[in-house]
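Residue numbers (the working numbering), protein chains in the order written: chain A, 4 to 500; chain B, 10 to 323.
Read the hints as simulated data drawn from the structure, not as lab findings.
Please read these numbers as outputs of a predicted model, since none were measured by experiment.
All C-beta atoms in this analysis are idealised placements derived from N, C-alpha and C, irrespective of residue type, glycine included.
There may be inaccurate statements among the hints.
[Said to hold, decoys possible] One side only, chain B facing chain A, incomplete, derived with CB under 10 Å: (1) E59; (2) V82; (3) R83; (4) W104; (5) P105; (6) V106; (7) L108; (8) I112; (9) L272.
[As the list claims (entries may be wrong)] These stretches of chain B come out as covered by chain A in the derived footprint (C-beta under 8 Å, 3 or more residues): (10) 31-38; (11) 87-101; (12) 163-175; (13) 283-296.
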Amino acid sequence: MGTAAAAISPSVLARAAQAQGKGQVTVGLPADILNFDPSMKQFSTYPVIRQVYSKLLDYTVAYQPVPDLAVSWKIADDYRSATFKLRPGVKFHNGRTMTAKDVVAVFERAMNPEFGQNLVTLTSGQGMRAVTAVDDTTVRFDYEYQTPNILDTIQEVDIIAPEAFSQLRQTTIGTGPFKVAEWVPNDHVALDRFPQYWNSGRPSLERVTLKPFNNPDAMVTALQTGTIDIAISLPYPQAARLRAEHDLVIQGDSTGAFLNNFEMNPQRPPFDKKLVRQAMQYAVDRETILKTVYAGLGQVRVAPYPPNSTAYNPELNKRYRFDLARAKQLLTQAGYPNGFKFTAPITPASADYPQAAQILKADLAKIGVDMEIQLVDIARFVPMLFGGQFDMTYAFVALNKDPLTLFRNSAYRTFSSPVFPQGNFPAGYVDTINAARHTVVKEARYNLFTKIQEILLDEAWMIPVCSHEVISGWLKSVHGFSWDIDFEIQLDNTSKS
Amino acid sequence: MARYIGSRLVQAIPVLFLVSVAVFSIIHLTPGDPAYVLLGPNALPDQVKEIRAELGLDRPLPVQYAVWVSRVVRGDLGRSYLNGFPVIGLLDRAWPVTLQVTIGALLVALAVAVPLALLTVRFRRTWVDHAAGAFVAVAYGMPTFWVAILLVFVLSIRLRWLPPSGYVSLGQDPGQALRLLLMPSIALSLGVASVLARFLRATLLEELAREYVRTARAKGLAERAVLYRHATRNALVPVVTVLGMQFGAFMGGAVLTEAIFGLPGVGRLLWNSVLSRDYAVVQAAVLVSAVVFVLINLLTDLCYGLLDPRIRYG
Chain A
4 MGTAAAAISP SVLARAAQAQ GKGQVTVGLP ADILNFDPSM KQFSTYPVIR
54 QVYSKLLDYT VAYQPVPDLA VSWKIADDYR SATFKLRPGV KFHNGRTMTA
104 KDVVAVFERA MNPEFGQNLV TLTSGQGMRA VTAVDDTTVR FDYEYQTPNI
154 LDTIQEVDII APEAFSQLRQ TTIGTGPFKV AEWVPNDHVA LDRFPQYWNS
204 GRPSLERVTL KPFNNPDAMV TALQTGTIDI AISLPYPQAA RLRAEHDLVI
254 QGDSTGAFLN NFEMNPQRPP FDKKLVRQAM QYAVDRETIL KTVYAGLGQV
304 RVAPYPPNST AYNPELNKRY RFDLARAKQL LTQAGYPNGF KFTAPITPAS
354 ADYPQAAQIL KADLAKIGVD MEIQLVDIAR FVPMLFGGQF DMTYAFVALN
404 KDPLTLFRNS AYRTFSSPVF PQGNFPAGYV DTINAARHTV VKEARYNLFT
454 KIQEILLDEA WMIPVCSHEV ISGWLKSVHG FSWDIDFEIQ LDNTSKS
Chain B
10 MARYIGSRLV QAIPVLFLVS VAVFSIIHLT PGDPAYVLLG PNALPDQVKE
60 IRAELGLDRP LPVQYAVWVS RVVRGDLGRS YLNGFPVIGL LDRAWPVTLQ
110 VTIGALLVAL AVAVPLALLT VRFRRTWVDH AAGAFVAVAY GMPTFWVAIL
160 LVFVLSIRLR WLPPSGYVSL GQDPGQALRL LLMPSIALSL GVASVLARFL
210 RATLLEELAR EYVRTARAKG LAERAVLYRH ATRNALVPVV TVLGMQFGAF
260 MGGAVLTEAI FGLPGVGRLL WNSVLSRDYA VVQAAVLVSA VVFVLINLLT
310 DLCYGLLDPR IRYG
């Protein structure tokens, strides 16, 4: 053993890094990508999206629109149409020039219930009615009604060469800074520099390798030893320790996009009683969950919207605080002075879910409520969540961009709701959301979103806990690594010294 | 010999049929749905219905089983539900990785167990015997995942001698491939090595008590020749049986070691496919593993003839 080890020489890692070269980076991921279809909007596929695709426009983390494949756009005064001027001469990875007809084909696919997958609710579901090629470099979008979040509906869609539509489960043709070299499922995705990328001078890297790790600790070790250059979704308990390592940069995503919630099913007793749901709001120790589960990275939330949202109202965040005595009092009023027992299916797919549930379970036990945590894997959990087969559960929702984003998440949405399957939503909820959907006046929208949040807090089937930040780490020799508002990582400006 | 092999292969058919029924039933009766994995928690009911129809999951289970088996017997293992790749291609890439680790672990286990057993027999009831016994007990008691973590901590993080994870094929870069295989092979082998060492020691002691050994000694053969040339060869027959059976343990242990060392083998493929309910991949991976296990058992039986000339196959 000693002989074998000595023969390997002390710096296998340095040699590996040298062999890899400055023009290449390896990115560690918590899971393999599912495929190259961006319409699935799967979190595991996000790391590949911004490398191979571009959009007409993108948002910075601060929700500022920036041109991408479109050089300019104009939204009609009535907010019922928008016209986009495309960047001329943009090439697809197969060398073909992108035209307005390609963009139309991509949006028509996104709006088509047969192929659009999760994009349907983000395009036609938001009022997008027709997309027309005015000429080779001009595209017009028409909406059924006044749509304040027009730019969101367009930013959600990645531009794919229509000839690649049928291949998206295995490869793709986009206009992004890198093109697909190979995908070996279960092992790696290799992306090569696209020399005809529209943003000349970018990317500086010749090759990017995306490497999935089943075990987050193995990914941490690979980062520490320089086997990989960047790691996404580092485990929270390791964040503080890794920050102390002098050759690593550790950073949270700071998009404020991910909100963790306990979700109750108001169709099932005892959560069919509003007083019980409100008691649960008082029983959640948000501060402790944020501090112990998420390493303090994020913000405690009582109302769903983050401070950078146009719907943020600081007064609403004072509505509930951790107060077990008050929770007990409400339970007594609701007819449960001795507490009750319920089951909470929780997925261990992300380590924070069971940890947060354990904290709530311990606190509820103090007021006589027996919360039984049932660990279920993700393939079983998703149908349970979607089908409303739970008393209470814990999951995150995404709510960046326009405040309406919140209502595309299943527990908040007003159609195909798992928690109000009969459409028996609380009074005023659906009407107020619909009013906000069609209102463009800033103050009026703010008031409508405040009203919606008041309904949410009063009816209390959702318990916002805190936002969480996705932690990334990279070697100090890596420069220019960034991400957009959706936490789609960007490597077009990344280099390695 | 050919007749024996033929009859053993025929006997394997009902075994494989039962395996196919078992794996199909278990994975399909396990709660969960690949359509939801593909579409995510914000999917709409109509979209889920469409995907289920596309994957053939809306048909009755017996029909799905019949379709799958009819394809398998024609050599078509289907396509992954998640990415559409042919399952045979996924297995074709994954099996060599698992086999390399398994063979590596087998070699390490033999390299540790055989000398250890011989030493303990040669120096029976001395400090060497006791020390080896203690090592075997400790090695047997250490879980594979713990050994793996320990190896990574010491050899990769502290000493920086070996890369902590990754895989390159032997054809691509033999040196780097062996470096990457070393830790998984050691981690996987220790438990089996300790079982083998104990077993070989016991059978060697039995052989040394037999009359042919007394005769060999009476003829004036050196103790070394008695032990290595005569007793060891005879003691190896039952050891080969144990080794063949431990092959299954190696394949089971590969799920853990492949996750820890980032190896794209069958264990990891199977793990990911179970979690995402990629039925086509799970069914094929388990069925092919069963075939490999049957073949290893056959090979084990054939090895008896090489080790003991008295064994004949009819």
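Evaluated hints:
Of the supplied interface hints, the one on E59 (chain B) holds, with its beta-carbon coming within about 7 Å of a beta-carbon of chain A, less than 10 Å. At a threshold of 10 Å, the smallest CB-CB gap from V82 (chain B) to chain A is about 25 Å, leaving the interface hint violated. Checking R83 (chain B) against chain A: minimum C-beta separation of about 23 Å lies over 10 Å; hint violated. For W104 (chain B), the interface hint is violated, since its Cβ never comes within 10 Å of a Cβ in chain A; the closest pair sits about 12 Å apart.
Against a cut-off of 10 Å between C-beta atoms, the interface hint on P105 (chain B) is violated, since the closest Cβ of chain A lies about 12 Å away. Taking 10 Å as the C-beta contact cut-off toward chain A, the hint placing V106 (chain B) at the interface holds, the least distance being around 9 Å. The restraint placing L108 (chain B) at the interface with chain A is violated, with a minimum CB-CB distance near 16 Å, outside the 10 Å limit. Taken as an interface hint, I112 (chain B) does not check out: its beta carbon lies about 17 Å from the nearest beta carbon of chain A, beyond 10 Å.
The interface hint given for L272 (chain B) holds, since its Cβ lies 9 Å from the closest Cβ of chain A, which is under the 10 Å cut-off. With 0 residues having a Cβ less than 8 Å from any Cβ of chain A, the stretch 31-38 of chain B misses the three-residue criterion, and the hint is violated. Counting residues of the stretch 87-101 of chain B whose C-beta sits closer than 8 Å to any C-beta of chain A gives 6, which meets the bar of three, so the coverage hint holds. Here the stretch 163-175 of chain B counts 11 residues with a CB under 8 Å from a CB of chain A, which clears the bar of 3, and the coverage holds.
Only residues whose C-beta sits within less than 8 Å of a C-beta in chain A count toward coverage, and the stretch 283-296 of chain B has 3 of them, enough to reach three; the restraint holds.
Checked against the numbered hints above, the structure violates hints 2, 3, 4, 5, 7, 8 and 10; every other hint is satisfied.
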